[in-house]
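A.B. asks: Chain residues, written in single-letter form:
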Amino acid sequence: MGFFLETVIAGLMSGVLYALIALGFVLIYKASGVFNFAQGAMVLFAALAMARLQEHMPWPLAFLLAMAIMVVLAWAVERLVLRHLVNQEGVTLLMATLGVAYFLEGLGQMVWGDDIYPIDLGLPKQPTLVLQQWIPGGILVSNEDLIAAASAAALVALLTLFFQKSSVGRALRAVADDHQAAQSIGIPLSRMWVIVWSIAGLVALVTGMIWGSKLGVQFSLSLIALKGLPVVILGGLTSVPGAILGGLIVGLGEKLAEVYLGPTLGGGIESWFAYLLALAVLLIRPQGLFGERIIDRV
Amino acid sequence: MFYRENGQFKTSYASDAQIFPIRQDRWFMLALLLVAFVGVPLAGSDYLLRALLVPFLILALAALGLNVLVGWCGQISLGTGAFMAVGAYAAFNLMTRLPGMPLLLALLLAGLVAAVVGLVFGLPSLRIRGLYLAVATLAAQFFADWVFAHVPWLTHDAASGSVTAPRLQVLGLAIDSPVRKYLFCLAILCVIALLVKNLVRGRKGREWMATRDMDVAASVIGISPVRAKLSAFAVSSFITGIAGALWAFVHLGSWEPAAFNIDLSLKLLFMIIIGGLGTVMGSLFGAAFIVLLPIFLNRLPGLLGLQVSTSLVSHLEFMTFGVLIVLFLIAEPHGMARLWMTAKNKLRLWPFPH
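As they're listed, the protein sequences go chains A and B. All residue numbers for the first sequence refer to this note's numbering, where the first residue is 1 and numbers rise by one. All residue numbers for the second sequence refer to this note's numbering, where the first residue is 1001 and numbers rise by one.
Hints are computed from structural coordinates only; laboratory data are not their basis. Careful, some of the hints might be misleading.
Unchecked claim - Rough simulated footprint, nothing fancy, chain B against chain A, three-plus residues with beta-carbon under 8 Å:
#, segment
1, 6-15
2, 143-150
3, 270-276
To be verified - Some chain B residues close to chain A (C-beta under 8 Å, calculated; not the full set):
#, residue
4, Ala1136
5, Trp1153
6, Leu1154
7, Leu1329
For each residue, glycine too, the CB sits at the ideal point set by N, CA and C.
Please work from the sequences and hints to get the whole structure.
C.D. replies: Written out as structure tokens, the structure reads:
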């Protein structure tokens, strides 16, 4: 029982991190209809910036500077890439973001270096034992994961508040619903795109910080985007709650499968389990759990 | 001036339905084939054949296969590498487990195995569309990566799934020198390109295109989306399976599952988008571009006489690759095949455009 609960908790915590990556995808897809393959590269770039800046200054300052860099980046992407590709097909835009991803991976490693860099946020590394009085042996919970999950949850809450209550957030939701209608009532589309890419940059930075402090910042960080993809389609491309719930489902399912199915199948099934899970859900609900219903008009 | 069809009248249905209706095009094609089959093997150096042309031909074949699915039938796939891997390992098992298996038959059967796997992974396309499907096809990619690394039977218990191709031989001729490898791949590419061209000009191709343009409308006019989509998946995987077997046997020689990872899948998608969706020419152009670009970028600092560290070169390569792709998409979203068409249309009126 204790072991099962530990697995569940570990799964949910990695699920929160997956949700964070998925959130970056969903935000941009909602606002601009772009499936942003560069999210992983953005995570890598932000984390590299953060890690290298942190060598010279305290981490909150490094965080702000890295954030500023991500805003500049968002502006550059809008100005140099997206603006010229308005009204192109989804797959063309997808390829364009892949181009951006290649560019960012090269640039990030050229400017910031290509070693493994630590990010030290001063988080406690020791795990604690909880629930000792109810379950024999207690449950081991990693403090680091707990803080990471809490900060991710805080970020999601903050974003929800921003989207629901602020005027910019309302404008962003309008853009997400209908580009043309939003434009016709005077919402500047290009500025909204910069804002939403900046927010995705912030999400990437937080993701990069958390994963980076766990594993160290290195090139493989950009591959975690591939972990976010099944989460996005599981939850629905257009739904923020979907991204969060999808992340939790995938995190949990993956850990349980690895622990209970892994030994029989030969291990390493984490790499594809999430995709099969997402596929199974999509066969029943083609738009994901919370995605907008896809309606065909002839 | 020279490229005009005046005076070339079509007097039969056969002449109306031919692939190259203009005489100059036929001559050009014939000359191109002559150069490719005779000129290049005579003049090309071993390096040119081995490092540039053989990979180009095989990747062009794979791109052509992917183009059937994405360009003609409109189903985005990010899992091409998986079908190539299936083809490669199927051919490997056929060749090593059944002694005396001829290479061509093994390739054909490997293509069929890949087609069956493609059918299975194409089933979700009946329910899922667009970007959801694109991500769902990644399932094939990661699943294949895992299967070939974790099921020892498929690789004869080789550590980490790395295997070596058997000796290649067609009709008693050993395929060992770069020239023979080149000719072998070229012949296969030509045959399959002709098959694809005829397939997409016919009934099946029209079904695919109707499904691509709007699947609901297509089913209203009596095209079964099930048959159209699944046949596209099967044909596409058949071709990519053969390409995968060639890539493993002829180009790599010995390989492991990582040779067919997601990077390869994305590169193939790049090829057809840069080359042109839904064109045979586009697959060739795109493959040439993606094969040549890294080699060119790698050599550029040396050609300019600059001393640059290898890691910097690789980062610059990444950056330039990314920039060029974005530039290309902005400048010509319909790909190089469209440029080719435009050039041809301009040439018809040249030099008196009135």
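A.B. asks: Which of the listed hints are not met by the structure?
C.D. replies: Going through the list in order, the structure violates hints 1, 2, 5, 6 and respects the others.
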